[in-house]
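Asker: Listed below, chain by chain, are the residues.
Number of protein chains: 2
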Amino acid sequence: MSQALKVALAGLGTVGGGTAALLAEQAELLALRAGRPIELVAAANLEKPKDVPLGKAAFFTDARQMVAETSFDVLVELIGGAQGIALDIAKAALAKGRSVVTANKAMIAHHGVELAALAEANGATLAFEASVGGGIPIIKTLREGLAGNRIRSVMGILNGTCNYILTTMRASGRDFADVLAEAQKLGYAEADPGFDIDGIDTAHKLAILASLAFATPVAIDKVACEGIRHVSALDIQYADELGYRIKLLGVARQTGQGIEQRVYPAMVPLSFPLAHVDGVFNAIVTEGDFVGRSVLEGRGAGARPTASAVVADLVDLARGRSVPAFGVPVTALKTQPAAPNEAHASAYYIRLMVKDQPGVFADIAAALRDEKVSMEQIIQRGRSPGATVPVVMTVHETVEAAMLRALARIGKLAALAEPPRLIRIEAPTA
Amino acid sequence: MSQALKVALAGLGTVGGGTAALLAEQAELLALRAGRPIELVAAANLEKPKDVPLGKAAFFTDARQMVAETSFDVLVELIGGAQGIALDIAKAALAKGRSVVTANKAMIAHHGVELAALAEANGATLAFEASVGGGIPIIKTLREGLAGNRIRSVMGILNGTCNYILTTMRASGRDFADVLAEAQKLGYAEADPGFDIDGIDTAHKLAILASLAFATPVAIDKVACEGIRHVSALDIQYADELGYRIKLLGVARQTGQGIEQRVYPAMVPLSFPLAHVDGVFNAIVTEGDFVGRSVLEGRGAGARPTASAVVADLVDLARGRSVPAFGVPVTALKTQPAAPNEAHASAYYIRLMVKDQPGVFADIAAALRDEKVSMEQIIQRGRSPGATVPVVMTVHETVEAAMLRALARIGKLAALAEPPRLIRIEAPTA
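Residue numbers (this note's numbering), protein chains in the order written: chain R, -19 to 410; chain E, -19 to 410.
In case anyone wonders, no lab produced these hints; they're calculated from the structure.
Among the hints, erroneous ones may be present.
Note that the list lumps identical chains together, so a pair holds whenever it fits in one copy or between two copies.
What the hints assert, rightly or not - Under the rule of at most 25 Å between Cα atoms (straight-line distance), these lysine to any residue pairs were calculated in the SDA-like manner:
| hint | residue 1 | residue 2 |
| --- | --- | --- |
| 1 | Lys314 | Ser(-18) |
| 2 | Lys314 | Leu12 |
| 3 | Lys352 | Val21 |
| 4 | Lys(-14) | Gly300 |
| 5 | Lys314 | Arg16 |
| 6 | Lys76 | Gln316 |
| 7 | Lys392 | Gly35 |
| 8 | Lys76 | Gly167 |
| 9 | Lys28 | Ala347 |
| 10 | Lys165 | Ala388 |
| 11 | Lys352 | Gly(-7) |
| 12 | Lys314 | Gly15 |
| 13 | Lys165 | Ala204 |
| 14 | Lys76 | Arg154 |
| 15 | Lys314 | Thr374 |
| 16 | Lys352 | Met333 |
Source: prediction; values computed, not measured.
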């Protein structure tokens, strides 16, 4: 059998531990699939963990030192963080002509193109299947499986923490803050949850997918990002009644005016596959001009699924299978303008908390009419003069700018007890 | 730019025409993704079609002659059929050290291992992404994306014709024969529909997936196959009432006693992703020991989706990415026994057409009790003494052998107006 692929592993946390376990447990199978053994020659972590099978690997407490002093073919970077040690060692390895496999979406979102150029210049490969969608092979699918297609759109449920919170809110009828606190206690959400619930993690992943889909440099600064803090139990209840589920989506579309990249909580109709993706599962829907709609679903996080993705990249490298990091060489990535979000048309769900007094509804209807917003359904119940009641409506496809103008006017009505809530309705296009 | 990948295309029917169109329309994009142009140098078909863009390709009416006389890198075989011309030209190309890309599931199911061995012996590649699941990159996913996993099971909706018929039966309440006739008129089903509706096409695809999943030689002769002719409008109506959809599934499982490969119509709970895959869409659910459950869904047939899969294989070849046809070298494929189907345990739906007379139900209940079959739900309505009424029940997980013994006894009861109908309930395992 050929020479082993020598792996240096930086970071022995959840995913690093899972990766070491996978390499140990499946060594025989991997050697068959990879055509040669995949050998862990070195590992680095601040402390040496007890329960991670490191075999004969040299152990370092300093990842930079490991990269400088070890002879390896591939660096597996699982430390995380957009910069700092992770970026330093990735650059050092690529500069030596060694390949890098990483699960680090923040680093790829912010420095992916720079790293890809460094890889190309040094005859190395940069691979990051584990950075998006955990165990789901979405990077490989976009880059290879759908290589014959112009991709029109890619959208997905990309953050398991948010999906767990929204799924639990629906199942229990409880409110956001309550479910978040429980998720933190259970370890499903971080003590500082902003990265997940404000949509930043989803934005990182979306920017990577958009680059692969549209052969354009990663543009994380162009992602419009809205999280789930404002999703209320009441909205979830109305979504159910109207035949929708609320999901935090990352949505990227190729439009005539450039590329749209947005993260927002959306109402998804039950007929759309994403509506049924619950708990910690992730799913991605792509639209290609030849293949039409494809859906990939699987576990979006966790030690073992993410390790599965890391090792898939290692098997590719062991077999000598290589592909430009973003599907085409860095020099062929074409910058495109960001499409103006307000030019996008969709249907909307609107919830108004209204003091029930004469004439209010006429004012609301006039604001919508003047912006040519056409109502589809209205739900109002439990009228009691003088009290605050929810008025919920869905409206037909409308350009977002017009919708926002109408809502701004409605928001100024004296009868509005709180600002209007708007949730986009994401309808399938195929 | 490097030298073009020279493609000889055999068969210009639906998929062949789509492939030629894709190569022409996306030439620029493909050259970027493949690192070099993909050039159609020759095409063969019984008649020269008018509307297929063949560019400067040499045209042959005899595919064997094309393969013998043309200089090419890859033969794309889209003629079909397990043997005959398709097999002859595939062998001829591989023997010359030329790679073969095919959509031909019958040929791969019956001769895939032989062809893979020929490819390995001659330093060529055999690729067949388009043979299963149309545009869904399930072959690549099993072989590369999930390479780090031991696969426990793979199951799916693999035949668009059957799924269209079952979806339409449910939507319209009409019976099988009626919907089949309409599907034939619309071109969704063949004049001779047995290949699809008796499950043979699904069996071919399942055998290919099982080989990839379990690193075992394709064993098409070990697939137990049951089609959808006996699925009635009544069963579909009861499925709805019980919270299931009826789908024709191909199911392969690694068991302690060997590999189980079966094709049958199954009741799928609404909580399982396959329940929502409608019309001509296909979907495959895999269970890997690290990744857990993954689901891939997309268009399972048609010119453009299937061309997408053919061209994905061509881009891999152009990039020099290669992988053993069944994931591991042919010599590493390990034959396993076929698991005895009757040892499999599942839940079941049973429909009995019973003459409503005293004591019948006691006899049925006794037969079930004696085989330790435990009932979950029973539906019986509209009793009218002396008339025939459906008695529908679901039973808890039971070993199939016991279930069949109980049904054999029930089938002999004088009160049974027709043989008992059994449909397996396919519950998610993760």
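Asker: With reference to the structure, classify each hint as holding or not holding.
Answerer: Consistency of the hints with the structure:
no., hint, in the structure
1, Lys314 with Ser(-18), "between (39 Å within a copy, 21 Å between copies)"
2, Lys314 with Leu12, "between (39 Å within a copy, 12 Å between copies)"
3, Lys352 with Val21, "neither (65 Å within a copy, 55 Å between copies)"
4, Lys(-14) with Gly300, "both (13 Å within a copy, 22 Å between copies)"
5, Lys314 with Arg16, "between (37 Å within a copy, 18 Å between copies)"
6, Lys76 with Gln316, "neither (32 Å within a copy, 45 Å between copies)"
7, Lys392 with Gly35, "neither (67 Å within a copy, 63 Å between copies)"
8, Lys76 with Gly167, "neither (38 Å within a copy, 58 Å between copies)"
9, Lys28 with Ala347, "neither (64 Å within a copy, 61 Å between copies)"
10, Lys165 with Ala388, "neither (38 Å within a copy, 54 Å between copies)"
11, Lys352 with Gly(-7), "neither (54 Å within a copy, 48 Å between copies)"
12, Lys314 with Gly15, "between (36 Å within a copy, 16 Å between copies)"
13, Lys165 with Ala204, "neither (30 Å within a copy, 48 Å between copies)"
14, Lys76 with Arg154, "neither (53 Å within a copy, 67 Å between copies)"
15, Lys314 with Thr374, "neither (38 Å within a copy, 58 Å between copies)"
16, Lys352 with Met333, "within (22 Å within a copy, 58 Å between copies)"
Checked against the numbered hints above, the structure breaks hints 3, 6, 7, 8, 9, 10, 11, 13, 14 and 15 and satisfies the rest.
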